[in-house]
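Chemist: Chain residues, written in single-letter form:
Number of protein chains: 2
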Amino acid sequence: MKNYFSSDFKLGILGGGQLGRMLLTETQKFDIYTSILDGNPNAPCAQICNNFVVGDLLDFDAVYNFGKTVDILTIEIENVNIDALDKLQAEGLTIYPKPKDLRIIQSKARQKHFYFDHQIPTAPFSHFAYLEELHHCLENSIISFPFVWKAARFGYDGNGVKIVRSFADLESLPNVECITEQLIPFKNELAVIVARNADGETKTYPVVEMEFHPEANQVEYVICPARIEESVAKKAQDLALKVVKDLDFIGLLAVEMFQTETNEILVNEVAPRPHNSGHYSIEASYTNQFEQHLRSILNLPLGNTASKVAGIMVNLVGEEGFSGDVIYQNIEEILKIDGVTPHIYGKKETRPFRKMGHVTIVNADIDKARKIAQQVKETIRVISK
Amino acid sequence: MKNYFSSDFKLGILGGGQLGRMLLTETQKFDIYTSILDGNPNAPCAQICNNFVVGDLLDFDAVYNFGKTVDILTIEIENVNIDALDKLQAEGLTIYPKPKDLRIIQSKARQKHFYFDHQIPTAPFSHFAYLEELHHCLENSIISFPFVWKAARFGYDGNGVKIVRSFADLESLPNVECITEQLIPFKNELAVIVARNADGETKTYPVVEMEFHPEANQVEYVICPARIEESVAKKAQDLALKVVKDLDFIGLLAVEMFQTETNEILVNEVAPRPHNSGHYSIEASYTNQFEQHLRSILNLPLGNTASKVAGIMVNLVGEEGFSGDVIYQNIEEILKIDGVTPHIYGKKETRPFRKMGHVTIVNADIDKARKIAQQVKETIRVISK
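Residue numbers (the working numbering), protein chains in the order written: chain A, 1 to 385; chain B, 1 to 385.
Honestly, the hints are just simulated from the structure, not real lab data.
Wrong hints could be hidden among the right ones.
Claimed, not checked - Calculated lysine-lysine pairs in the DSBU-like style (CA-CA distance at most 30 Å, straight line):
1) B:Lys10 x A:Lys385
2) A:Lys235 x B:Lys336
3) A:Lys355 x B:Lys10
What the hints assert, rightly or not - Now the stretches of chain B that chain A is said to cover, found in silico as 3 or more residues with beta-carbon under 8 Å:
4) 3-17
5) 22-31
6) 128-142
7) 254-267
Glycine included, C-beta positions come from ideal geometry on N, C-alpha and C.
Using the sequences and the hints given, assemble the complete structure.
Modeler: Written as C-alpha cells, this is what we have:
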C-alpha cells in the first residue's frame, strides 16, 4: 500500500466548495496532503487545504496542468473538463471516479441511455438536441403534456429541472440539449450511497428518505433510516448496487430514486461523490460519507456504513428577500437542543435559496429526531445584516 | 449574542499542536475565523488555521501583541505567558480559561495548595523550592521513601514525574521547584471533563477509566464509560464539579482522579482545555470535547455530553528505536475493523514515545470495543522509513 499518512503523497481535488470542505476534515484527520483547484479564490476550501490553485474547472489547460502536480486526482463536483482527465489518465494518473463515469454522469441524457442499456428501471424519457426539437414533437403530438424537462448538462440543486404543463411553460426554458421524462407519481423519494474501492470491495449505506414540504414541493428533511418497508429498502439498495456494478464504478456513488405507488423503484439520477443526502452520516454513521469517499478512492478498506443513531438533515438556505453579509438568526436557540449540530459552509454572503449550510439532528429515537428537526427548521433563519 | 459564524469575529488560540488541530475541525464546521500563535512554524495547525503567527508562547511581547489582534483568546496548552494575559484582560480582552486559573494550573504546587484550601481530596504532599530542600528533609527524616516527585512546572505527559524509592533515584532529577506526594495505592485512575460557560451553564461528561498495561505501568486504553460502580462514578463527577465551581472556571476542565482501594476519590491534577482523556468523544459523544470547548468559551449553549456508543482510545506513540520520517505500519489492517478511526496529528517525524496520533474504537458493546482495542494496539506500529 502507498503511504498516504503524513507523507509526501499529494491528493488533488477538483472543486473547493462545501463538499470539498467537509472532505478536508477527513484529510486533516488522516494528515493527507491536499491540493485543490477551484475558479473562485474565496471558495470554502481556499484557506484550509494545503495548496489552493485558482483555475477554471472546465478549462482543459487548468485541469490538465493541475493534474500533473498530484499523485491521485478526485472531484467534489462533476462539472469538470473530462478531456483533460482522459489525457491525464492516458499518461498514467490515477483518477477516481473514472473519467468515463464522469462523462456519463455529467449528461443527464447519457445517464438515461445508460440506465436503459443496462435494464436499470428509470422513468421513460425522450432526448432532444435543442428546445426546437421538443417544440416540434409537441406540435406533432409525438409527446404530450405534462412532462418533466431537464437540461442535459450543468443542472444543479433543482436548477435545470422544470415541470412543463403547457406551451406557455416552455417559453422560459433555455434552448439547450435536454431530456423530457414522464411525470411519475411517487410515494417516496429515496437515496442510497454506495462506496467501492479499486479492490472491488463494496459497501452500501442505509436508504434515506426525502420528506417534502406538503405545499411547497421542496425537500425539507433527509431522514436516515427511511421509514419504509424492509423489502422496499432491500430493493433500493440492490438497485443502487446494480448501478455501481454496471458502471464498474470506483469511489462514492449517490443514487437518487423514486418509490412509485406500486412499490417499483426507479433510478432518478446519480452523483459520483459525497452528496447532500449523506450529510447526516457525519454525526450518525460509524464511517461518514467523506471519510468513506477517501477510503474508496485511495483503495483503503471501506468503513462500517451502519448508523449509531437515527439522523435527520435540514438544509440551511438563504431566505428570500435577503442578500449580503450572512447572519444565522437564532442559531444559539437550536444549539440548546440535544443532538443538534449546525454546519456552516463558509460563505460570507447569503442570497435567496443559496445553500449556506445544513443542520444535523441525531437521536436514538427517530420520531423524536423528526420533531426536533421541525423545531430547528422553524427556528433558524439565514438572513443578512 | 455576538455573531461568530461567517463573520469578522476573530478567535485567538495560544498553541498550534494536535489539540489545536482537532479544535480547528470544529471552528471550520462553524466557520469561525481562527488566528493561532505557536513557536514552531511547522506546528500541526500551521497550514489549516486562517492566520498563523510564529512566536514564543512564554514570551510576554509575543503573547501580548498576538492578543491585541483577536476578539476572544483561548489556549490549547497551559504553558503560556500569564503576565501578558493579565495585561490583555485588564485592557478588556475576553480570555477563557481565565488567566488566574491558568496561573494556578500551570504550577502543580499551586494546584495542590488550591485543593487543600478548598477541602478537595487529594494525596498529601510537600512543596520544595529546590531539590536541595528535598534532600535536606530526607536526610533529617522529615519525609521518607517511597514518594512521587513532580516538577512544579512544565511537566507534560508523564515528563516531570518520577517514583523515588532511594537517594539513588534522586540523582537524575533536575534542581527545580517540586512537590512530593505520598504514593497512593489506587484501584483505578479516572477522569471527568466538565464544561462551563460564562452564563454559568455546566455540563459533565461521563467518567472515563485509564486502563494500565499490567507490567509496563503505562496507560494503554482510555475507556468510556468507566467500568465502575454508579455510586463511585457519581462521586467522581461531583468532585470534578466542585473543582470547577471552586475555581469559578470557564471553559473545559479535565479532572484526573484516583479511586483508592477504599473507594475514596482523590484529585490528581487538572487540565484547563480539551484533554487526551476526552478524545473518545469525537466518535462516541453527541457533542465532542472540542466543540464543547468552543461552546463554553464563546458562551454558547453547551451540548449534550452523553455517548451514542461506548468509546475506547489508544494513543499512537513513536516506537522505541525509530526516529525520522514516520510510517504507520499496518494502518490499513486496523481500517478493516468496524468502528476504528485513526487520527494522525500531522507530525512528519517520529521519535521514541512522541505522541503521533490516536485511534478511537467505538461499539455498542463495550466488551467488544475492548477486544478490538487490544487488536488495534497489537497491530499498528509507529515506526520510521
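Chemist: Look at each hint and say if it fits the structure.
Modeler: Right, here's what the structure says about each hint:
1. B:Lys10 x A:Lys385: 18 Å, holds
2. A:Lys235 x B:Lys336: 27 Å, holds
3. A:Lys355 x B:Lys10: 24 Å, holds
4. 3-17: holds (count 4)
5. 22-31: This one holds; 6 residues, not fewer than the three required, reach chain A with a Cβ under 8 Å.
6. 128-142: violated (count 0)
7. 254-267: Answer violated; 0 residues pass the 8 Å Cβ test.
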